[in-house]
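What follows is each chain in one-letter form.
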Amino acid sequence: MAGTRLFLVSGKGGTGKSAVAAALALRAHRGGDRVLAMEVGDEGSLASHFATTPLTFEPREVRPGLHAMKVSRPDALLEYLSLQLRLPGVGRFGGRVARAFDALATAAPAVREIITIGKVYWEVRSGRWDTVVVDAPPTGQIGSYLRAPRSIIELVPTGRIRTQAESMANTLSDHEVTRLVIVTVPEEVPTAETEETLDWLEQEAVVPPPLVVVNRVLPVFEVATRPTGVAGEMVDLHQSLVAEQRLWLDRLPGDVQLPYLFGVYTPAEVAANLSDGLEAIL
Amino acid sequence: MTRTLLVTGGGGVGKTTVAAAMGVAAAKTGMRTLVVTVDPAQRLASALGLAGLGHEPQPHTELPNLWVAMLDSGASWRAVAQRHAAPDVAERLANNEFFLAAAEHFPASQAYAAADQAATYVQARAWDLVVVDTPPSGGGIDFFTAPAQMADLVGGRLLRWITGGPLPGRRFFYDRAARPVLRVADAVLGSDLLERVAEFLLDLRTTYDGVAQRGREIERVLRDASILVVTTTNPAPLHEAIRFYRTLPELASTPKAVVFNRSLPDTWADPPKRLRADVREIVDRWSAETVRQRDFRDEFSARYGARVASIPLTPKPPTDLQGLADLASSAAGMPWEDLGIGFPT
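For the protein sequence lines, the chains are A and B, in the order given.
Sequential numbering of the first sequence, starting at 1, is according to our numbering.
Sequential numbering of the second sequence, starting at 1001, is according to our numbering.
Honestly, the hints are just simulated from the structure, not real lab data.
Hints are supplied without guarantee of correctness; some may be wrong.
Ranges between beta-carbon positions, derived for each pair [claimed, not checked]: (1) A:Val-220 x B:Asn-1095: 53 to 59 Å; (2) B:Ala-1277 x A:Gln-203: 48 to 54 Å; (3) B:Arg-1078 x A:Glu-269: 44 to 50 Å; (4) B:Ala-1302 x A:Pro-54: 20 to 26 Å.
Within a straight-line C-alpha distance of at most 16 Å, the following computed EDC-like cross-link-like pairs (lysine to aspartate or glutamate) qualify [unchecked claim]: (5) B:Lys-1273 x B:Asp-1284; (6) B:Lys-1316 x A:Glu-187; (7) B:Lys-1316 x A:Asp-236; (8) B:Lys-1316 x A:Glu-188; (9) B:Lys-1316 x B:Asp-1326; (10) B:Lys-1316 x A:Glu-244.
All residues carry an ideal CB built from backbone N, CA and C; glycine is no exception.
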């Protein structure tokens, strides 16, 4: 039997990262997988793509067989300390220890990230899911998350947290398990940021080579004769936007392209529409 | 008097470009204008004459009255240490390995440095208008809450959480037996790491008086500023724009307008009915998109009582001064008078 697969979805802000993460979860779910979609961070919009109320730390079934949750750090920390590190007596101090530890972790490299990644790792190893999809932090921050296990190994010489970190690092770099998906759009700044991220990933090699999903790609149409009036304006804009996108598409790896969605109103419709184009990733 | 214009908004909406365009428009009407920008795209940077790096305001070579400065978001903690700590402490802080970790984990520190630098330019009284492109951390709200958050942090909140009581002296701090959290941290991270974190926090605490006082000055500048919220009709930036409209009136002031960037002309909502099939493919899509955009703008304006401005979608972002000036004058509904800027021509 194949083990759980983990998809980490990152991208620059504004490229549709959460929508693609939700779409990927929906696609895997449609294929019959038991799926967990996880949101990391405070201001996520993953819930809106499933048309559900704000997510909680406890996974909630948003479709039969598809669960969604949010990794909130204080909850993740308490669970990490008591279940994963098996520290005795943490429960007694509860929230106070979590808050204090969180404060301490502000000033210590990789500690906050390892707690978040630790929760993802815990779910992947739990055996409850066929597919885990993470709406991960944006590309500007993803490096410190992916590198966290390694940073901890460098920082902490012995002990349980180190052993845990070693196992996490192995899971993240295992291409039977982990796939990093970088969402981008064919524009100047997102293209440059994607290139930077790809370079960094190649150097650090903390995860298997990532897949790039180019979102909002315009359809190419041939128009025999330019019409007049409003229709002509639309044709002109469309053709020049296509030409501009071409510049950046030529620079981006073309693993998967998702279409620009015209006139689609709700985040749930956006995710449902995008899910059709994600077969290749699964 | 120096006016301040803060341009905020979610990632990827063209906020930096809009800020630059507003600055160019103001400079063209004769106002001495400084545009403070964060990490502009290459083409925009060259339009602004930012080819040569440098974080000090520099006059634009082609447009009199326009100055441009780039915020140095990396230098934030260093600047705080140098300004508000004794020289030996500042030196120790700057060489501390936790420095970078703290800067990264506390996005408000970057926002604080940006707000501090922007406030410095406003207080210099050297310009009629300072346009600030706010950094994206924390969805941009950090820029407004950073002074208070920063004072809170260096004021020992972390230390108090860790010790669970009054601020400790250096030696007391190592009495781990006294505090459960220290025992936990000790077991997880090791005592060596814990001690080094604690030393760092104790050093940081010496900057408190300076940071708190400066924070109040920065807040005053932010309160007196005009705010524009830039968005598109995509779900993520709209979500951000709504957050700004909910929180900014209390944090600073009610935004002067929400600027929908990359808008399609209303005339496209109702295209001709009879078209050739190849043309119809394109026209149906863009008219559906136009209708959706119009509905989203109308809803935003109705729900938040917001003044709505819109800037048309262009195939390429502006690559020179003329392009930026054209972008500003193409804006519909921009409250120029309210912003103290003459109508751009």
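| In rising order, the numbers of the hints this structure does not comply with | none
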